[in-house]
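**Student:** Here are the chains, one letter per residue:
Protein chains: 2
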Amino acid sequence: MYYLGIDLGGTNIAIGLVDEQGHIVHQGNIPTGRERSATVILEEMALLALEVAKEAGIGLDQIHSVGVGSPGAPDVQNGVIIYNNNLGFRNVPVRAELQKHLPLPIYVDNDANCAALAEGLLGAAGGVRYSVTVTLGTGIGGGVIIDYNIYSGFNNAGAELGHMVIAAGGKLCTCGRKGCWEAYASARGLIEAAQAAAEKAPASLLFKLVDGDLSKITARTPFDAAQAGDQVAAAVVDEYLEYLAVGIGNIINIFQPEVIVLGGGVSKQGMALLTPLEEKVMGEHYGLEGVPPAKLKLAVLGNEAGIVGAALLGFAPEQRALVSLFGPERE
Amino acid sequence: MYYLGIDLGGTNIAIGLVDEQGHIVHQGNIPTGRERSATVILEEMALLALEVAKEAGIGLDQIHSVGVGSPGAPDVQNGVIIYNNNLGFRNVPVRAELQKHLPLPIYVDNDANCAALAEGLLGAAGGVRYSVTVTLGTGIGGGVIIDYNIYSGFNNAGAELGHMVIAAGGKLCTCGRKGCWEAYASARGLIEAAQAAAEKAPASLLFKLVDGDLSKITARTPFDAAQAGDQVAAAVVDEYLEYLAVGIGNIINIFQPEVIVLGGGVSKQGMALLTPLEEKVMGEHYGLEGVPPAKLKLAVLGNEAGIVGAALLGFAPEQRALVSLFGPERE
Chain A
-12 MYYLGIDLGG
-2 TNIAIGLVDE
8 QGHIVHQGNI
18 PTGRERSATV
28 ILEEMALLAL
38 EVAKEAGIGL
48 DQIHSVGVGS
58 PGAPDVQNGV
68 IIYNNNLGFR
78 NVPVRAELQK
88 HLPLPIYVDN
98 DANCAALAEG
108 LLGAAGGVRY
118 SVTVTLGTGI
128 GGGVIIDYNI
138 YSGFNNAGAE
148 LGHMVIAAGG
158 KLCTCGRKGC
168 WEAYASARGL
178 IEAAQAAAEK
188 APASLLFKLV
198 DGDLSKITAR
208 TPFDAAQAGD
218 QVAAAVVDEY
228 LEYLAVGIGN
238 IINIFQPEVI
248 VLGGGVSKQG
258 MALLTPLEEK
268 VMGEHYGLEG
278 VPPAKLKLAV
288 LGNEAGIVGA
298 ALLGFAPEQR
308 ALVSLFGPER
318 E
Chain B
-12 MYYLGIDLGG
-2 TNIAIGLVDE
8 QGHIVHQGNI
18 PTGRERSATV
28 ILEEMALLAL
38 EVAKEAGIGL
48 DQIHSVGVGS
58 PGAPDVQNGV
68 IIYNNNLGFR
78 NVPVRAELQK
88 HLPLPIYVDN
98 DANCAALAEG
108 LLGAAGGVRY
118 SVTVTLGTGI
128 GGGVIIDYNI
138 YSGFNNAGAE
148 LGHMVIAAGG
158 KLCTCGRKGC
168 WEAYASARGL
178 IEAAQAAAEK
188 APASLLFKLV
198 DGDLSKITAR
208 TPFDAAQAGD
218 QVAAAVVDEY
228 LEYLAVGIGN
238 IINIFQPEVI
248 VLGGGVSKQG
258 MALLTPLEEK
268 VMGEHYGLEG
278 VPPAKLKLAV
288 LGNEAGIVGA
298 ALLGFAPEQR
308 ALVSLFGPER
318 E
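These protein sequence lines are chains A and B, in that order.
Numbering follows the working numbering, in which position 119 of the first sequence is assigned residue number 106; successive positions increment by one, without gaps.
Numbering follows the working numbering, in which position 80 of the second sequence is assigned residue number 67; successive positions increment by one, without gaps.
Extracted from the complex, chain A is given alone in its bound form (with noise of 0.2 Å):
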């Protein structure tokens, strides 16, 4: 059998159909166009799914089923977006939307879910029983794997580790509380501490490397500007990386996951994030005598871990669980 997996984003849709052990086997992808209703959006979804399969020569009696990744908060009972502020989702019934034109089971579920999902079973912590998946980009979305399942509590709301608060009091977050992680930790996070380190010192290697334009700071430039020894910028990443460890501090004592996987643009930043980082954490934010820490893992899977993990929302749990233990080493 074969899974078709559906990675809803803001700009683009992606559409894979997936094999048992996790590989897409085909692919196809259009823009979002997200000034369009749910409606038309979730239409134009549906007959490119059918397309990649056909392309890739699979009837719809191969097909078990049909996941969905999209953002916002999930009714995942009924196959709803509650809301989505970035597609203008309010109560968009995904899964009825999509069997008009689709007739099988369709699973519904958060994207850092089905990202954690597909990196916690066949990607970094790939065999691993628990996994929590971080996504630093514009903010910071969460998913926790819990005996191969992804854990997201009784309304399968929870899992948003980017709000927990982390500085009480501090910057106003686009969730409304003060001093959450997403508002320091998050790629915008870093961006927001470079632009006003730069405009503080034009004479550094951080202003420069944008000549001074500030809104062409992206989560790049800090580390560029401090690997070529800029001091400001040095500051900023070291700030940074401060505020990321005491996130993944908490995340240790919270869950001790065994593996806790870094994801989305920041992460591209490889060991010049991994390595400071981890030092950060075992040296001021861990302290168990006797007890093995999680290790921090760098995601492998990119772009594909949305369609993989919103395929492997039709995995039964022990399906889950064996090809996560006996699945290809994607490393």
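Keep in mind that the hints were calculated from the coordinates and are not lab data.
Just to be clear, a hint being listed does not mean it is correct.
No copy is singled out in the list; a pair is fine if it fits within one copy or between any two copies.
Unchecked claim - As a list, the in silico BS3-like pairs of lysine-lysine whose alpha-carbon atoms are at most 25 Å apart:
no. : residue 1 : residue 2
1   : 187       : 203
2   : 187       : 158
3   : 282       : 203
4   : 41        : 165
Given chain A, put chain B in place with the hints provided.
**Tutor:** Relative to the frame of chain A, chain B by itself:
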């Protein structure tokens, strides 16, 4: 069948014989005498367990297992307490020592986990699949119940919710991190804040209630003074509730449990704690449109939670779900 539950505390050891519905049918207590060696403490504990069973007229053939809730980091698989500073335990083989006198299956877990299991299955969160119990004592203990069982990560050291940093770079915690929730929202955190405020305001009722002897301030003092109209104490309580709300908001975003149970000394303030806390949590720390929030409840089992939870360690997973779903209402 019956189950022995042992609550090994820093001051007292309480042992109860518990039936299949989770009721304590007979109980015994002795002082811990923590200045003595672990071997001596455990031997006396085993002898008291035998005595409790004998007094109840129950033979060992009618006892399924013995559960021990101990402070410290447990090695659940091997029945060992890896370390506990309060009792001076280092790699103490609790199971092996007890089995010298009690030829029964012996289960060992952390005391906060045991309390959470009791409250989660049979107490304030009885019948609920996902709950979190927060014990506001000298420190903050946490226990997470997922699918009617204790969640504590791959090394059984998880659910250390008190050591979640909520104020990065803030007050130094006993664990070595800075700004832990426990440093602010435990009874000790409250007492320290009340002492600091009273010292600056000798005209306050907070100061007068203890005749200026600040060492006499307990967690109750600021609540009593605030109740009587003291503004200084009211500000202390309000700030305390704010820190407590930050952590509760984090637990909601992370776990989305159906019920959060508040236990420990501070929870004895009852509705004077719960009502303003709920207001803060729902007003400032919960922002999910259309998604039902967790309920906050006060613990109901009191000191029995430790004994009952330890006894429940010996229940099979399915049996735990059954006793919770169909067990006696204890409220």
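**Student:** Now look at each hint and say whether the structure bears it out.
**Tutor:** Hints and how they fare:
Proximity of residue 187 and residue 203 under a CA criterion of 25 Å is satisfied intra-copy only: 16 Å inside one chain copy versus 50 Å between copies. Taking the shortest alpha-carbon separations for residue 187 and residue 158, only the intra-copy value of 19 Å comes in at or below 25 Å, while the best inter-copy value is 30 Å. In this homomeric assembly, residue 282 and residue 203 never come within 25 Å of each other (Cα to Cα): the closest approach is 34 Å inside a single copy and 45 Å across copies. In this assembly of identical chains, residue 41 and residue 165 lie within 25 Å of each other by CA distance neither inside one copy nor across copies; the values are 49 Å within and 57 Å between.
The structure does not agree with the numbered hints 3 and 4 stated previously, though it agrees with the rest.
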